[in-house]
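Make the complex out of the two chains shown on their own, each in a separate frame, by following the hints.
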Amino acid sequence: MSEADATPGRSRNERFPGFNVLAQTGAWDDVTVGVVMKRIGMPPDVRFFTPTEEAAARALFDQLLDQREEPRVPIVNMVDARLAEQETDGWHYDDMPEDGQVWRDTLAALDADAMAAHALPFAACGRREQAALLQSILSLGSGAWHGLNAERVWSLWTRYACTAFYSHPWAWNEIGFPGPAYPRGYKHAGVNAREPFEVRDRRPDDDPAARRR
Amino acid sequence: MSGVRERNASAWLLPAEGSRSDHRLRDDMRRFDDSDEVDLAIVGCGAGGGTLLQRLARRGWRVVALDAGPFWDPEADWVSDEGGSHHLYWTEPRVISGSDPVPLGSNNSGRGVGGSMVHFAGYTPRFHPSDFRTWTNDGVGADWPISYDDLRPYYRDIEEELPVAGDYWPWGDPHGYPQRPHPVGGNGEVFLRGALKLGILAKVGPVGISNGRFGNRAHCIYRGFCLQGCKVNAKASPLITHVPDALAHGAEVRPNSMVTRIHIDERSGRATGVEYVRGGISHVQRARAVAVAGYSIETPRLLLLSTSRRFPAGLCNDFDLVGRYLMVQGAPQTAGRFPAEIRMYKAPPPEVSSEQFYETDPAKPYKRGFSVQTVSPLPITWAEHVCAQGYWGQALRAYLRDYVHWTCTGALCEFLPQPENRVTLSDERDRNGLRVAHFAYSQCDNDRQLMAAAQDVMERLQRAAGAEEVITIKRYAHLVGGARMAADERHGVVDADGRAFAVPNLYITDGSILPTQGSANPALTIMALAARIADRMADHARAG
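These protein sequence lines map, in sequence, to chains A and B.
FYI, in our numbering the residues of the first sequence are 1 to 213.
FYI, in our numbering the residues of the second sequence are 214 to 757.
Don't read these hints as lab results, they were simulated from the structure.
Even glycine gets a Cβ: it sits at the ideal position worked out from N, Cα and C.
Heads up, a few of these hints could be off.
Covered by chain A, according to a simulated footprint, are these stretches of chain B (three or more residues, beta-carbon under 8 Å) [as the list claims (entries may be wrong)]:
| no. | region |
| --- | --- |
| 1 | 730–736 |
| 2 | 740–753 |
In silico DSSO-like cross-links for lysine-lysine, where the CA-CA straight-line distance does not exceed 30 Å [to be verified]:
| no. | chain 1 | residue 1 | chain 2 | residue 2 |
| --- | --- | --- | --- | --- |
| 3 | B | Lys-577 | B | Lys-687 |
| 4 | B | Lys-577 | B | Lys-410 |
| 5 | A | Lys-187 | A | Lys-38 |
| 6 | B | Lys-687 | B | Lys-580 |
| 7 | A | Lys-187 | B | Lys-416 |
| 8 | B | Lys-410 | A | Lys-187 |
If you only want the chain A side, here are some residues facing chain B, beta carbon under 8 Å, derived [to be verified]:
| no. | residue |
| --- | --- |
| 9 | Gln-24 |
| 10 | Ala-27 |
| 11 | Asp-45 |
| 12 | Phe-48 |
| 13 | Ala-108 |
| 14 | Glu-129 |
| 15 | Thr-163 |
| 16 | Val-191 |
So that you can see chain B by itself, here it is in the shape it has in the complex (with noise of 0.2 Å):
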């Protein structure tokens, strides 16, 4: 891992001791004028955003993030509890419709520099080369405009700056991780146990979690407390493993600032800055370009907002598909319980996942697949999945007072991308006055089969294990798509370079611009797409 610190000296750069956060790098922040046309600004500082900003500030470019949350001090802002922690997420107004509606806030969106990476578990899978091309496979999904080999190096570079660790990992395109994994608690034990003896084949991570000392960033301590935010500084996000380099190559980040617009010159048809609203007050930023990565409901929301003579319809929305596409992920969670105590809130929750059986089974009624993984609910949470069940009163309490001998394992199913599913405008109006999205989803047949094949083999894994009860919940996890990349301007947004069809300097850079999903978690993609754009855009620039 030589090659790291020259690439990205961002552990390196906060501080050794004490305070988690890189104050002085915050306080001497390049800061530009409204007035100046920087080179790039961002919308978002999440993992697209954030990797795109230390990416191109490495290179030189004027550039900078704005954020509609805010500048996290994980010392200052972060508690090491599960209630106290309602603050990481997303919780704008939305609606939510289909005959499947997904819930929003609390599991699937983040907020502030650091994004929804601040409270995902940790999973840093890579997607595997059949993701690529699900529809020439398989006749479903659609084909992307790239290929798994275009993404591997940057999947190499992210993986050793998170950085990852786990086991050699077998499946997709077999590779190895820059760090041991960690060791197991319960939860992680119980799934290698079963998994031995139904012979499905399980390994330990891969994690975006420190396992070791990573330049000025501690170990894990193995607290449990992943999904409220690290305030350890060992999990990954790119507030701590891309955005202190990005402050010191001179870009900037501008906290608590929502873009309400992305404004367009009508003549030449392209982007000339975006509108934002800080602390009440409207300002606009003039850039040479921008980049949307507000993720799958805010950037189909951006650009919907953002009409114009040229597009009345939305931003980039000639052929009716901003917010279309989007995807989700099945999650069921299958719970355990064991006469031993296996007190599951200890260790990371992300400890041991099997792909096995990820890719399309031809001898199986439906295509494509899913991911097995451990999930290690904390006692609200734990307490949502009882409830579930119809339990309540007496009958609750008994349960949540079992809580040291449950085991849970959750699924990510492979939903399929639908044009249907998909982001619009409500009527509905946030504090701003600017209409909120209207998220509608519905399942389609190879997605309900998918859940009950998942929930399944997490039955059967749990039992073999020695459970004598199982419960299986049935939820969703990510959120990816809505402004998907394609090779041409009616199937896409953007194009594979991530740059929108319609207008020559807008790009996309978040996990929206994904065609389809696989069923590994989309943290890591999402930020080595990111960086593959940040290399296609600076060959653009100088192509002029």
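So here's chain A without its partners, still in its complex pose (with noise of 0.2 Å):
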């Protein structure tokens, strides 16, 4: 990965350059193995989202994760095959449909927002239309969107969309995260202790609080 970093984007990767996660796959075990290649592999075609739900999706995942260049991590297919093959929590809230379900009316409450005030489906808006609608939805609170709680709303798209951007190994690159561990373990834990294959954090005053401060 001398070239281009492996991040999402391939965006240079400034805080850790040239850490690269799947260098390490040799010190894996077989199974954990298999299950985090897959990511890397192509990933499933959508099956559960409709045409106008995938759209809807893909725009809503680009920009909940900040999504702007191939390669992307496939945060719609990801999630899409969870919900193909019912792989949720299992629970949900009285008021509210299952996971599913609630997918379903949410995206399409978004073309509906959209539509209404633009004209367009969601996915055609443009970014900036799109992040201002996302951000008054989000500035409900626990008021009540489409008739559902947003917050509640809010909650499972970004559960859902981390979940899946986060298991990916182009995003732990990009966090300085090493992945799995097994067999190999840790020999250096403690404050500013670091393995040999881990990449020191070149911008450690790179504090996103700090920024907005």
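Okay, structure coming up:
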């Protein structure tokens, strides 16, 4: 990975330059290698979402995870696969349907809001318009959005999105996390301690909170 | 610890090298016929059921544990990966409600042999003596029909069998642990530093993670994936701490067997066996006695599903107590940002804890208290923490790129038992056609005050250690109650020995019998209670 870092969108890995989790697969157990490498291969075809839902979901995930360039972590396929296989956490709120139906309902609601505001489906709106619409939903707090508790909808969206994104080795490279650790384990735990295969953060002052202050 | 192996040889029955599982023991396992009347059929093979199974097999009982989930082989079935561990959780359909509904599935519900201890972090604190009499002491909660002294010897036994590593423990009933404390990683270091600055006493441990080789179990390798199932066999769960010894003494574990109903003889009112589904086929295992250990959601659900002419409102539910007084602990989680690299994913998440705020403080407006512990979320869980602050898009990615600089502590707040926090049956049905559990939860004022107090302590602790920014989220941990023990049938479902008031040969031996929960992680107490009940059951049997 000398020319381009293995990160989402092949963006420069400014904090952990050259860090490549997949260079360590030889130190992992076979079962874990199988599970993780499946995420690198060709993603499963979309089966659960209708084409209209897929378009809205794609735009939603691009926004939630700020993915702007290919190669993207294929969130829409990963979430779709979970829903197609009913790999949910099982529970649902008594005032909401089960997860699959919530996805269908809320993607349709996103399109409805976009149509009302801009006469376009959500996916066809500009990035800024999409972001403003999403921010307005988040701002509702636990208020109602199309008859659903907005906070619970937001939590469901981000939970599915982050579970997919941060299970992907490209995302691990970007955050300096080495991923699987069996059977090798760690020998150097402690403040500022690193394993030989870990990369030092080149921008330790890049605290997102400090930038905001 | 010379007596451990004589009492429970599990750690020595596991293979010394290569495979982590006792395949030969499983292949050679005794298998009962459905028509055999076993001495005891146990529903669920987790902390409560697994311990009971081993204890009674040792006494020569013909005993079988039926578990709805798989008989795990850690080497083949578990991965060193957060996203790939979804199959460790109970994800059958359930409905949640109330003013503070509690999400289930991932964080608080296990499945398969070993139960929730397969994915528990590993903390194994004892309850305090005060936990057994909160009503008398503070006018809240309930008194237990047993005292701390009744459990003390069982705590000690189980601590040796897991085994537990930790500092000398100065809180509650002061005691030591069989193994020395583990070395701490970055997260633990910061916790200890902040506590020292604030004058809060903090200690390393107690964890059911072997510090050193134990029998044929390997030393912890500090890889940080305790919540994804320990592939190393270092972290305790009944799968490796009690089941091997049970099998060696003639017990059967019957996996992938979902118990759907407890059978009752309408004339005598006694339990006669359990109905279960395996591979799509319904069976009935006959038994002289039945023990239910399906944990706080499924145990009440099974009782409520087991209706009969004698029990039209559900088994043992004459006084409308089944499913009630279910508790979760408030578990706010505070993260702190440090200029140094912490890399909290290294070393087990459970490292350091403090019970300084566990007891009622007369100077405070609330009763009871909370404990504070290190927790070390992996990236997906860390992303949830960040999202809960309202960050998304660019800000979310930026916070995640900063992951190596963050520490995390969690509190366990003693939420009080309330009758309306309960499991009932929903009209929805699962794939077996059975009504699913509906779990309602609402906090009371005392609960909310504890959450706020715990958040304040954790944020001060992180800042004292040097955190530049702290962010706290509200969440829940653990489940107990739902079929509590009490002195009489108008206050609880089972008696001090875990025996149902309404059915003399029916026992409940899991976390659902706890009347209160303290601010301790419940696993050790559930195991100790099951070990005690095993002794009492044997006494009952001798008495005829």
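Verification of the hints:
no.	hint	in the structure
1	730–736	violated (count 0)
2	740–753	violated (count 0)
3	B:Lys-577 to B:Lys-687	holds, 21 Å
4	B:Lys-577 to B:Lys-410	holds, 23 Å
5	A:Lys-187 to A:Lys-38	holds, 28 Å
6	B:Lys-687 to B:Lys-580	holds, 20 Å
7	A:Lys-187 to B:Lys-416	holds, 22 Å
8	B:Lys-410 to A:Lys-187	holds, 28 Å
9	Gln-24	violated, 11 Å
10	Ala-27	violated, 10 Å
11	Asp-45	violated, 20 Å
12	Phe-48	violated, 17 Å
13	Ala-108	violated, 21 Å
14	Glu-129	violated, 14 Å
15	Thr-163	holds, 5 Å
16	Val-191	holds, 5 Å
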